[in-house]
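S.K.: For this one, chain C is given, so just place chain L on it according to the hints.
One line per chain: the protein sequences are C and L, in this order.
In case it helps, my numbering puts the first sequence at residues 290 to 594.
In case it helps, my numbering puts the second sequence at residues 21 to 142.
Rather than coming from a laboratory, the hints here were simulated on the basis of the structure.
C-beta atoms are modelled at their ideal positions from N, C-alpha and C, and glycine is treated no differently.
The hints are all genuine.
Just a sample of chain L residues kept apart from chain C, beta carbon distances all over 12 angstroms, derived:
1. THR81
2. THR83
3. ASP84
4. ASP91
5. ALA95
6. VAL96
7. GLU104
8. ARG108
For each label pair, taking beta carbons as the anchor points, the in silico distance ranges come out as:
9. C:GLU593 x L:PRO111: 39 to 49 angstroms
10. L:THR128 x C:PRO453: 27 to 37 angstroms
11. L:VAL96 x C:VAL420: 44 to 54 angstroms
12. C:VAL420 x L:PRO62: 49 to 59 angstroms
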Amino acid sequence: MNVRRCLAVAALAGAALLAAGSPVRAHGFAGQRFFPATILNDDPFVADELSLPTVTRPPEDAGGAHEIDLDVEFSKRITPRLGFSLGEGWTSLKPAGAGSATGLTGLETGVQYQLFVNGPHEAIGLVGLDVSWAHTGRVAALGASDFTTLSPRFAFGKGFGDLPYSLDWLRPIAVTGNLSVDFPSKTESAGSPNPNFFNYGFAVEYSLTYLQCCVKDVGLRRPFSQLIPVVEMAFSTPINRSEGFSTVGTIQPGIIWSGESFQIGAEAIIPVNDASGKGIGGVVQLHFYLDDLFPRSLGKPISEW
Amino acid sequence: MRRGAAAVAAFAITAALAGPAVAHAMLEHANPPVGSTVAAAPSALTLRFTQQLEPAFSGVTVTDAAGRRVDLGNAVVPPGHAEELQVRLKPLAAGRYTVRWHAVSVDTHRTEGNFTFTVAGR
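So that you can see chain C by itself, here it is in the shape it has in the complex (with noise of 0.2 angstroms):
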């Protein structure tokens, strides 16, 4: 039952192939900075997109519990503007001692407007709801949540490509970020208190992409020249009814890869505090740009208006 709702998730993919709309701009771009979609942090645009899988083996949490994360996330443009998002995750949840539990951890969607870009400068900004929907998940078992959560949100993203060129080597660096609030529905569960969250993400990313194009021909060639470090953090802090909260949050280095029509992530997953896991983990993902892969259909705007 888990495992199918994740499989409607994702052939809603492709029943949106039948869709027709009409030409676009492309996604992730601020004049000739391009901004690949980082997977700790939302987007600072609006995209047809899909991330199909995204596999997350989280540090070991405070209590062993050992997880491993599978989620599928679609994104599409109702307008060049305004867009949603669609996203679904399954958890296998291994507590110390005990058995291991699966199943689906809550449907989370989310509509987008993209409010500035700015190519010149690189700069780009959107602002977003978010819901993660109550009793989507398995809640019993492995934590889901029995509430709706409502999380507004700002995103932005910068490049450097405007610097002096005496400042060169910067040029290729470019930052997004993310900010939001989250409000429950309830304000406590099975007595323990949901505080409202304040989170905070950025990303810092060197594109070997724009340093080739745009800065200084270094001879990197294909693929080596479709290379993007990053390093990403995002942190969340109780605001309120915070007894027994505290700030959590990840610090993730990798590197993506972007290609044509997909780009490959992987990142180191390294808790900040002992609240946020032990040890270290890993993800990756794969991640389909659907406007390059069906620019006449799934991958245009539903509408130009």
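M.R.: This is chain L only, laid out in the frame that chain C set:
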């Protein structure tokens, strides 16, 4: 898990059946090379992209340090080289030159970019 793997495989097959991706035209390399210093003034600039171009919607300009155009305004996609964009240049003096290009790939994706090259003084 096996069904999840099947979903990945099914999508990969669907993607393959959709035909080769045409994608965005990214600058692969240029002559004179991006960011280079060349001893002799080039008579033309050649840009090579990762995708085939729509000639009517692709172009390039070259300006000197004072912002004056030094290209002859005749950018073309050479026959048989649909991934290239060429433009002839006026005689160039020593100095830094800025190249600004825009390209539309055959699937209508638009990209743009700029870079500099330098002609060394004698």
